[in-house]
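Going down the list, the protein sequences come from chains R and S. Each residue of the first sequence is one higher than the last, beginning at 1 in the working numbering. Each residue of the second sequence is one higher than the last, beginning at 1 in the working numbering.
By construction, these hints were calculated from the structure, which means they are not laboratory data. For glycine and all other residues, C-beta sits at the position ideal for the given N, C-alpha and C. Mixed in with the good hints, there may be bad ones.
[To be verified] Covered stretches of chain R, as calculated for chain S (at least 3 residues, CB under 8 Å):
hint : stretch
1    : 26 to 35
2    : 54 to 66
3    : 81 to 92
4    : 95 to 105
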Amino acid sequence: GIQVEQSPPDLILQEGANSTLRCNFSDSVNNLQWFHQNPWGQLINLFYIPSGTKQNGRLSATTVATERYSLLYISSSQTTDSGVYFCAVEGGSYIPTFGRGTSLIVHP
Amino acid sequence: NAGVMQNPRHLVRRRGQEARLRCSPMKGHSHVYWYRQLPEEGLKFMVYLQKENIIDESGMPKERFSAEFPKEGPSILRIQQVVRGDSAAYFCASSPGGIGHEQYFGPGTRLTVT
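If we strip away everything but chain S, and leave its shape as in the complex, we get (with noise of 0.2 Å):
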């Protein structure tokens, strides 16, 4: 029973290239989420998404980032004309339902921003 995926494990990108992060969740899981870690620091949210469906981006920066779990295939985050300032680690989560499920997190991307 495979958990959750992510690929790639590490990214390098120049200034201004855009970045694609993929995750792919547990079998039976319809729920992801994507969390950014920076060095020394917790968790924090990004966006809540179901098939085909963002229920929840509150977390997400306005601009250069959007997210799409489509009905076929994995999740993707995508980050625009990247910066320094989107160096971290990037973490997806799955999980079988909505309010109160357990998560279950993949192993993650760094991203490095040269």
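Just chain R, same shape as in the assembly (with noise of 0.2 Å):
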């Protein structure tokens, strides 16, 4: 099946930092979505993007399908931005992968 690697698995700002997250997969891709669970482990849909660019107050998103990647951004991080970031795509079947997930801390 289709492999999803995200990266760094962990990552710490103090807030008001910019940074950026990455997933990469190993096959074509007909649905990547970015969510945040946070810390009280609900998962909120961040980004649905499978190819293209989208942005959406302090965060965006660009899909580079061709290139077999993604990259999500966060601008002037707070502390609510805190938790785990996943990206889950959906290669040839409509079995979604997750990846392991980015696990961020923002300092006040």
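Both chains are sitting in their own frames, so use the hints and assemble them into the complex.
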């Protein structure tokens, strides 16, 4: 099946800093989503982005499908951004595969 | 517009008991996925269902686990004779279609087996 790798596995930031999270995948995809799992465990949809670039406030994402990667940008980070960020992809089947996530801690 | 609902949010079972987890998809969504998340890990696909049909259960353990999505009512994930290794967070997601559609997740059910 399709392999998904996320980097870095852990990230510690000071409030106000910017960061880039990366998701590499091993095959062409029909779907790619970014999620934020907050400290209470809730999974929040950030972006549905099989290709191209999208922005939502301080967050933006870019997927370059031909090169098999996606990037999530967080600007002016806040403590509420803390949590785990997951990338999930669908390849040739409808079975989504999740990466292991990037754990982000933002200090005040 | 209610999101995906799961209940119970927390479930404690003794070894050997049965666990029943419920998932009500978003209004208008007829596709449901179940995932399991172990501590410090990502989500692992278990089963994909449409109304009254199991489409893909390749991620489901062969024994003790079953899932259904009846014509009326929520989707149910059933775990019989639970063991300590079943302790995990179980999430369901719904979407309006199959391949290529955005999935929306419920809050999860945290199962603890004592």
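Under 8 Å between beta-carbons, do enough residues of the stretch 81 to 92 of chain R, three at least, approach chain S for the coverage claim to hold?
Three-residue rule met by the stretch 81 to 92 of chain R, so holds; n is 3.
Can you take a look at whether the stretch 54 to 66 of chain R is actually covered by chain S? Rule is 3+ residues, C-beta closer than 8 Å.
Three-residue rule not met by the stretch 54 to 66 of chain R, so violated; n is 0.
Taking a Cβ-Cβ distance under 8 Å as contact, does the stretch 26 to 35 of chain R have three or more residues in contact with chain S?
With 4 residues in contact (Cβ-Cβ under 8 Å with chain S), the coverage given for the stretch 26 to 35 of chain R holds.
Count the residues of the stretch 95 to 105 of chain R whose Cβ falls closer than 8 Å to any Cβ of chain S, and tell me whether that reaches three.
Holds, because 7 residues of the stretch 95 to 105 of chain R bring their Cβ atoms closer than 8 Å to Cβ atoms of chain S.
Violation of the numbered hints given earlier is confined to hint 2; every other hint is satisfied by the structure.
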